[in-house]
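Enquirer: If you read the protein sequences in the order shown, they are chains A and B.
Residue numbers for the first sequence, in my numbering: 96 to 422.
Residue numbers for the second sequence, in my numbering: 96 to 422.
Just so you know, the hints here were simulated from the structure itself, not pulled from any lab data.
Model, not experiment: these values are computed from the prediction.
Check the hints yourself; a few may be wrong.
Claimed, not checked - Pair by pair, the computed Cβ-Cβ distance ranges are: (1) B:117 <-> A:395: 29 to 37 Å; (2) A:120 <-> B:194: 25 to 33 Å; (3) B:116 <-> A:131: 54 to 62 Å; (4) B:114 <-> A:99: 16 to 24 Å; (5) A:320 <-> B:325: 21 to 29 Å; (6) A:134 <-> B:364: 53 to 61 Å.
Claimed, not checked - Derived lysine-lysine pairs resembling DSS-like cross-links, with alpha carbons at most 30 Å apart: (7) A:399 <-> A:326; (8) A:232 <-> B:217; (9) A:105 <-> A:217; (10) B:365 <-> A:105; (11) A:357 <-> A:232; (12) A:232 <-> B:110; (13) B:110 <-> A:326; (14) B:365 <-> B:379; (15) A:192 <-> B:379; (16) B:232 <-> A:110.
C-beta: ideal position from N, C-alpha, C; glycine also.
Protein chains: 2
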Amino acid sequence: MIEKFQHTIKEEIEKLSADYSLPPSELYEPIRYMFDMGGKRIRPLFVLLACDIYGGRTEEAVAAALALELFHNFSLVHDDIMDNAPMRRNHPTVHQKWNSSTAILSGDVMLVKAYQLVQKSKIAERILPVFSEMAVKVCEGQQWDLNYEKVKTISVAQYFEMIGLKTAALIAASMKIGALLGGADKNNAELMNEFGYNTGMAFQLQDDLLDVYGNEKKFGKQSGGDIIANKKTYLLIKAIELSAINRYKKEELEQWLSFVPKEEKDIAEKIHGVKSIYDFVKVKEITEREINLFHKKAVASLEKISAPADKKKVLADFTSKLLLRES
Amino acid sequence: MIEKFQHTIKEEIEKLSADYSLPPSELYEPIRYMFDMGGKRIRPLFVLLACDIYGGRTEEAVAAALALELFHNFSLVHDDIMDNAPMRRNHPTVHQKWNSSTAILSGDVMLVKAYQLVQKSKIAERILPVFSEMAVKVCEGQQWDLNYEKVKTISVAQYFEMIGLKTAALIAASMKIGALLGGADKNNAELMNEFGYNTGMAFQLQDDLLDVYGNEKKFGKQSGGDIIANKKTYLLIKAIELSAINRYKKEELEQWLSFVPKEEKDIAEKIHGVKSIYDFVKVKEITEREINLFHKKAVASLEKISAPADKKKVLADFTSKLLLRES
């Protein structure tokens, strides 16, 4: 089922890409560029899976599925400008390959095209408010993220609220929209929303964890990009919180945070230094426990859903696999 | 009627502004800031006037009217980043007052909020496609505008297509959406679209003209900002075209275009120099004739519309006044 849907999404994205070959090319090429980069495409997959669970015709959910992927790409293109990110999925970001103006404008048109795809849905009048509410949340989440860059540290509650808006809201909306298109009633659509929200939270924490501890066993190396950028991930926020009671560790962490690596060996040193504090306060285990909690909440919502057990199992298994991923 | 609607729009914008006082303030304050700047607010006015012409309840068109003003502000905020514009309506632009990230993100949320307002309309399913199609056109127009900055000159046809997308499409959509909300049939809605398109074209050409010849009689001065920026307005494109047959004038214009003013007196000199070529090739008269042609086309569409003569007259008079404005 998963492979079949992934194949459908791939095919439909290719078809859609062909529509974006018109001039002005500077406006439409970045849409194809972002699609060609690939990525996990979990948002459209969740739309189709959620639709299928309720016995809906997934052909009728394809437009909305593509809308959510396009919206995701819009937010990536604009976020990358704001974050001054040079690379995304191993390719130069849109503002890097073209320029900021093109990235702003092609992002804008991606958002409008996403709306046009949502409008194609049979029950567009019910999907659109969910989509818009999600879009507002994603913007708010990004704004909090920008604001928090300027402060020394934030609380776990603030961090959860921020990723709830920026990341989990989009996964939640994918599930809810898919469920509505599949014919779910209000209560079931809400349960799918909760399932998506908690999955999204776990997914983001997993992302934070993988940046430091990912691929270690597999490749014997890690990237640590978040550590180098002093990015306020769950791991860092928690490590700051936990090291506060140990004056020596607290000062050590603060020193690493104010240390700007200039050479290759400085980078490795900073990653090693921060990681040793993470290990000392056992932040890996704490994060895994938190991921587990969100995962359990997600599963609890899924269990309450009125749908065939075998179909629910497909979604549950896929989510578990996603949260056990190592890259 | 005009004053009554203008008053309604002012009141409704104030009410809407109050909704945007929530955190994160960096995201929502720019929305209020743009509203507080004022501006002509002709787009929401056109929505209400078009609705009224067909005997519609204008209360039910208020949300869509606000959506079009909010969309207009979204496009101004993003365009100002791309154009690196420091001022707008005598105030610092959003990216200047805050920063580019805030301008990108608050622009994004303005676009989403505009969609949420359109969704409130009773016949949202008919309005939304018109709104989205317009939004795509405005993005395309801005992209052409950016592309044309890099070339030496463009044809009048290219210029008309560009302003047709960037400016006239938004006025056209305001009229069409208002008409649909007022109960116009397909044919009448299309006529209102044509009326709006031609009015929008005339309006933009008037804008080009006013930048060079505006306020002259009234204030005895002119700004000439477009001349200083070598902006490809109708006047410049036409002057390049017309001076081509006169080798001396052609070279003179080219010299002025490559002259970058550094001091106050250089600015005045360049404006005076370019303007004397404009006068020589009679570009003022040519532009006025072109404005007149678009205005006549607009009036012809309005005449074909099935609506009470007195109501049509209100719209016709307002448009004429708008196209005779001196600032």
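Enquirer: So, for every hint listed, does it hold in this structure?
Expert: Each hint, compared with the structure:
1. Hint check: residue 117 (chain B) to residue 395 (chain A), Cβ distance near 31 Å, so the stated range 29 to 37 Å holds.
2. The supplied range of 25 to 33 Å is met by residue 120 (chain A) and residue 194 (chain B), whose beta-carbon atoms lie about 29 Å from each other.
3. Look at residue 116 (chain B) against residue 131 (chain A): about 42 Å separates their beta carbons, and that is not inside 54 to 62 Å.
4. Separation of residue 114 (chain B) from residue 99 (chain A) is about 44 Å and departs from the stated range, judged on CB atoms against 16 to 24 Å.
5. About 43 Å separates the C-beta atoms of residue 320 (chain A) and residue 325 (chain B), a value inconsistent with the hinted range of 21 to 29 Å.
6. Roughly 55 Å separates the CB atoms of residue 134 (chain A) and residue 364 (chain B), a value that falls within the hinted 53 to 61 Å.
7. Annotation: proposed proximity of residue 399 (chain A) to residue 326 (chain A) is violated, straight-line Cα distance about 37 Å (limit 30 Å).
8. Among the hinted pairs, residue 232 (chain A) with residue 217 (chain B) is consistent with the structure: their alpha-carbon atoms are about 25 Å apart, no more than 30 Å.
9. Proposed proximity of residue 105 (chain A) and residue 217 (chain A) is supported: the alpha carbons are some 22 Å apart, at most 30 Å.
10. For a cut-off of 30 Å, the pair hint linking residue 365 (chain B) to residue 105 (chain A) is broken: about 56 Å separates their Cα positions.
11. For a cut-off of 30 Å, the pair hint linking residue 357 (chain A) to residue 232 (chain A) is broken: about 37 Å separates their Cα positions.
12. Annotation: proposed proximity of residue 232 (chain A) to residue 110 (chain B) holds, straight-line Cα distance about 22 Å (limit 30 Å).
13. As the CA atoms of residue 110 (chain B) and residue 326 (chain A) are separated by approximately 39 Å, the hinted pair breaks the 30 Å bound.
14. Proximity of residue 365 (chain B) to residue 379 (chain B) is assessed by CA-CA distance (about 18 Å); at most 30 Å being required, the pair is judged to hold.
15. Proximity of residue 192 (chain A) to residue 379 (chain B) is assessed by CA-CA distance (about 42 Å); at most 30 Å being required, the pair is judged violated.
16. About 22 Å separates the Cα atoms of residue 232 (chain B) and residue 110 (chain A), which keeps this hinted pair within 30 Å; it holds.
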